[in-house]
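Q: Taking this note's numbering, I'd label the letters of the sequence shown as residues 12 to 89.
These aren't lab readings, by the way, just hints derived from the structure by calculation.
Don't be surprised by glycine CBs; every beta carbon is placed ideally from N, CA and C.
Some hints could be false.
Here are the simulated distance ranges between beta carbons [as the list claims (entries may be wrong)]:
| hint | residue 1 | residue 2 | range |
| --- | --- | --- | --- |
| 1 | GLY46 | ILE18 | 33 to 43 Å |
| 2 | THR44 | ASP67 | 13 to 23 Å |
| 3 | TYR48 | VAL15 | 31 to 41 Å |
| 4 | VAL43 | LEU87 | 16 to 26 Å |
| 5 | PHE23 | PHE76 | 17 to 27 Å |
| 6 | LYS49 | VAL20 | 27 to 37 Å |
| 7 | VAL16 | LYS41 | 33 to 43 Å |
| 8 | VAL15 | LYS49 | 33 to 43 Å |
| 9 | SER13 | TYR48 | 35 to 45 Å |
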Amino acid sequence: MSVVVDIFVWLFIETFLGFIVYSTGCLILKVVTFGQYKIEFKDFTSFKSSKSKKVDLVFLLGMTFYVTLILLVAYLIN
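Put together the whole structure using the sequences plus the hints.
A: Here you go:
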């Protein structure tokens, strides 16, 4: 029973973190393009249903932002 609960918890965490990273990528694109980039999703459910290459690239941009932020903090601490 605990394996099933663990799977659902990790799926929820992965979906939530994916949404946060995708939102960050959209925000970065909106700032960099001075508002010319139009955000395609309106809510969490439409994010889950869209799985295109464009979503993956925006997701990669958001993930790169967080990895860069973590590396910058680690560099500044040392």
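Q: For each hint, tell me whether it holds in the structure or not.
A: Now for the hints, and whether the structure bears them out:
no.: 1; hint: GLY46 <-> ILE18: 33 to 43 Å; verdict: 40 Å, holds
no.: 2; hint: THR44 <-> ASP67: 13 to 23 Å; verdict: 19 Å, holds
no.: 3; hint: TYR48 <-> VAL15: 31 to 41 Å; verdict: 40 Å, holds
no.: 4; hint: VAL43 <-> LEU87: 16 to 26 Å; verdict: 24 Å, holds
no.: 5; hint: PHE23 <-> PHE76: 17 to 27 Å; verdict: 23 Å, holds
no.: 6; hint: LYS49 <-> VAL20: 27 to 37 Å; verdict: 34 Å, holds
no.: 7; hint: VAL16 <-> LYS41: 33 to 43 Å; verdict: 38 Å, holds
no.: 8; hint: VAL15 <-> LYS49: 33 to 43 Å; verdict: 40 Å, holds
no.: 9; hint: SER13 <-> TYR48: 35 to 45 Å; verdict: 43 Å, holds
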